[in-house]
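Generate coordinates for the entire structure from the input sequences, incorporating the hints supplied.
These are the residues of each chain, in order.
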Amino acid sequence: MNRIKNYEISVLLFFLTQSQFFIYGLNSFTKESGRATIIAMILGSIIGFFLLKLTLSKKYFTLKKKSLFLLIPFLVLHLSYILNQTIHFITYNVVSTISYYLLAAAFLLLVVFCVKRGLKTITRSAFIYLITSIFLFCITFLLLFPKMDFSNVLPLMDSSTFEIGKSLFIYLLISISPYFYLSIFERKLDKEGEKRIVRGYILTHIFLIFNTLIIFSILGLELINLYPYPEISIFKKVSFLNVIDRMETIFSLTYFLALFLQFAIGFYTLHFLMRRILPIKKEEVSLLLLATILFFFSASFSLSRNIWLVTLGVHLLFYLFTSKSVIH
Amino acid sequence: MNLVEQLQKDTNCASDIIIREITIGKHNITLVYNEVLTSGSNINDFILKNLAFLIDEKVDISSIYSFLYNSLPAHNIKEIKDYNDFLQKLFNGFVCLIYEEKAFCMELRASLDSGISNAENEIALRGPKDAFCETFNKNLGLIRRRIKSEKLWIKDMEIGTLSKTKVGILYMENIADQNLVRNVEKKLQNIDIDGILDSGYIKNLIEKNSKLFPTIMTTERPDLTAMALLEGKVVILVDTSPYALILPSFFLDFFHTPDDYYQKNFNISFIRIIRLLAFFVSIFLPAYYISITTYNHDSISLDLLLNFIGQRQDVAFPALVEALLMTISFEILRESDTRMASTVGSAVSILGGLILGDALVSAGIISPIMIIVVATSAISGFVFTSIEMSNAIRFYRIFLMILASILGIFGIYIGFLVLITHLASLDTCGFPYLSPLSPFLPKEQKDAILRIKTKKKKLRNPLLAKKNIVRGKES
Amino acid sequence: MNKKLRLIFLLCLLFLPTGCLHYVELGELEVVENISIDYQEDTFQIIATLIEKKEEDLTRKIIKGKGSSIEEAMEKIKTKENKKLYIAHLNLLILTPNAVEQQLESILYYFLENSESRNDFSVALAEDITMMENAENTIDLSKKIQIVEEDLGTSKTCYFEDLLKDLLEKKRSYLPFLTKQEEQITVEGIYLLEKEKLIEHLTGEDVILFNFLHNNIHTTSWKGNKVLSNTTTIRYQNQKIKIAIESILTEEKKNYADELKKAIEEMFSTYQAKNIDIFDFAHAIKIGDYAYFKDHQDTYLQEITLQIEINTAANNQGERGIDFHE
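Sequences listed follow chains G, F and V, in order.
The first sequence runs 1 to 328 under our numbering.
The second sequence runs 329 to 803 under our numbering.
The third sequence runs 804 to 1129 under our numbering.
Treat the hints as calculated values from the structure; they're not laboratory data.
Be a bit skeptical, because a hint or two may be false.
[Stated by the list, open to error] Simulated coverage check for chain F against chain G, where a stretch passes if three residues somewhere in it have a Cβ under 8 Å from a Cβ of chain G:
# : segment
1 : 618-629
2 : 739-745
3 : 765-779
[To be verified] Listed next, the in silico SDA-like pairs over lysine to any residue satisfying Cα-Cα at most 25 Å (straight line):
# : chain 1 : residue 1 : chain 2 : residue 2
4 : F       : K457      : F       : E716
5 : V       : K973      : V       : Q1075
6 : F       : K536      : G       : R117
7 : G       : K237      : V       : K947
8 : V       : K857      : F       : G685
Glycine is no exception: its CB is placed at the ideal position from the N, C-alpha and C atoms.
Rendered as structure tokens:
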């Protein structure tokens, strides 16, 4: 009962991947590779699938536990960027008049509240969030269907091979780096567990590609490049009999849940590592201290996306070149 | 004699304790009983008459003790082991017969309960209407009528150093998990308290991990109790309490009623969706209204926005103050209605309704839409028979209203996550509270939110019925 | 230590309600229905129509502002009560030719970057915004454009997002044109916009043809033929634009298809000579043969030919299902 189940890990990985894709932004991909982003995503998913199959059951060398602490600065950068992006998302799409500091403080308090209750609680609540996201997604899909124009997706090959390759590489980075957290969740994965993770991967990428197609068909390439959050802009078009109208802030919850889980898992990992260094006995004190550090760090320094991609690269390297059960 | 002397000393010769000395031939026997706890007429008919017969007949019996033990017409006769046992029996409605150094007791309790009546708080639209009463044995009888199996086991104990209340743990030996039973038993044995006056005391003492949402169900309905036992759950019966405790109770159990199993699946599925909707409406509606009138004005259509602007023109207070004022007034009205005698209660309700309704709006203290919002959310909260669930919903409603007034819809996001995290962190007797949703149990989904008929073998909850998961089958 | 820590934490929580400082009560809002923008002599002139509900009736009032930038002009618009202008429910944005040709980018970016603006309003062109000073004339203007589009086919609603998309993709768009006739505001066709210049004013049958080829006909009347519905598909193959039009008429007339075909070819030739892709064939070429389009972006218009196929069907029962011929 206390063990985290395999499907719960898959659910968390779905949210982590979705969140990382959202943070990077569909418009960042389209500015590189235009409509061929879809090709890049499909190819990236296929390559990621084979990479995952090869590396899930790996048993090669383990990093010494001391060198785990090298992860800490990268995790701090990673989480600061995510916090910054989350608050920016909230400010832009949900409430524009409230200050950054207040939103960040409230968000961090929420994360501390959740992390304090343990990884088991986070994974259980993730399943409920999945049900909520699926429900909201189904409503939006049904109501947006009449507005879809698939000619907006064409022509697919409107970029060069180099541009597609660049998007493919970044997509691969975003897709596989969340699997770094497998070393946090699971001591060892049996064959059934591996199957579920792979199935979860396939479903995640089917969802992401499908969602991208929907956004393309509704907005078109030009508007995707123009809007900072094209994924949210499509929700403004959801309308049904004046009842379901202007509810983009409710539908935005799906992305907020993904961002929250991404931050919460990262925060949990960082806290776990830091407790090994800092001699603080009380959990609440260490959680609040860490939250304060991240608060001031994200408020004081505006990190670039490239630095964030570097942190993802570190996660990916860690996943690829170490065995599991390093942290526990 | 020692017993009687000790008793008189300890009770300061209490007037309700009757000590009657009777001589039969050469033998002196003493009858000791508590006048208020025993049935006087039964004592006369079954004990004193028979003793009088022996006296008249001038019977000389060498072993009067064993003769009386075997011949007196009482359905429950027990030997008294020591002074403590003597006291326990005396205060439980037994008549004690003391001869020289030996004593035995006969059960002749007075019926000091309200009798078996209809359920008042858990109304059945279709189904049995009987409810538990204050007597342990009668309650046990109501359950045994429904489960005529030898596998329905009961473990008795006394809890309360002064009240010595009889508490019984009921479970199906061939279904329930023994670890669960042991766990419950251990929790009850660890209770150190002067007196247990109701099952609510026990509930509060063993339900330590959840301060808001109930993890133990209380019910006055024997059919619901029997249903729970057949699921593999454990039931606690408490003497002098008309409410049984069912544990473990999951979150979705509070959305189910026994009537769900007496009606068509399709109708019940619809009703359950309504209950779930009522849960969310009750918690989120006032907060959503506050957020759209303070931060997220673009979330409503132009017509509604203009209506709201018009309605709020003359209101002096911000939306949060309005909402809190209405909520508190509603709670005051509800509480006073509950405590008032029924003759006066209806007049108070009308007065309260008028004050809360028309007068407050005319005075410009609240807007009409706020009355609709708060009333809808309050009424939605009463869909549940569990008062604790309604109280938890009320707390979250106020919490979310405050969050929405500070952070708009982002506050609602935070409130939603806090609610789900809180529910996911709870466990009931070691089982996850949100089961079967999370952890996801596919086979339990046919009776979780929707009720779906299936042709496959009916299975019990795999978390609880580890011994015997297939219904209709002995282990 | 634990108690002290909790006290500090609670004190910090007291700062949270400072968020309440940022909220805006409903009563402090003025809902803007329409905004009209003119640009004359380096000054933006803005006329805003505000809408409110008083005792079951909707009332409108007009306010004006001026400024050297659009932000300054919007700031200067204040009502007597000094309430906040709220543009999230904006219905219609009206621009003058000067504003379009000189300041279109700054106007579009103002609304794009404004977090309140939902970008779901329509845009129109007007010769002069002074006609918007009469509040009664401004009632339901966007609906008027829509009605003309749907019932007559002689105009086309332009939404803000469509305008942005067209300008970014093709550097070409259109705007419905509003004029004042006998104290009433009417919709007079559309204006074509190319590279931020208003190049052509289409009215009457030209607009209907434009709508035919953009698959935007709901109901219309064309050369005496009542068209109930229409579907147009355009495909590109080997430098040929294949146009398939399927119309449902109230009464099938033999010369409808021929007349329509001829009119389309004539209109295309006229604008082909001016190098204006009036029917937006670029989109079909891009989908059909992107490589060809990429290499012939400036010359494709001169190289393509049309192949038009028109099918008609009669709905003899008329609009109400009654057969008038019996």
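Hints versus structure:
1. Evaluation of the coverage hint for the segment 618-629 of chain F: fulfilled, as 6 residues show C-beta separations to chain G shorter than 8 Å, against a requirement of three.
2. For a cut-off of 8 Å, the count of residues in the segment 739-745 of chain F with a CB near a CB of chain G stands at 5, and the three-residue condition holds.
3. Only when three residues or more bring their CB closer than 8 Å to a CB of chain G does the claim for the segment 765-779 of chain F stand; here the count is 4, and the claim holds.
4. Only pairs whose Cα atoms come within 25 Å are accepted, and K457 (chain F) paired with E716 (chain F) is accepted, the gap being roughly 23 Å.
5. Distance hint between K973 (chain V) and Q1075 (chain V) is fulfilled; the C-alpha atoms sit about 16 Å from each other, no more than 25 Å.
6. A threshold of 25 Å between alpha carbons decides the hint, and for K536 (chain F) with R117 (chain G) the separation of about 16 Å falls inside it, so the pair holds.
7. Pair hint K237 (chain G) plus K947 (chain V) holds up; C-alpha atoms about 22 Å apart against a cutoff of 25 Å.
8. As the CA atoms of K857 (chain V) and G685 (chain F) are separated by approximately 22 Å, the hinted pair is consistent with the 25 Å bound.
Violated hints: none; the structure is consistent with every hint.
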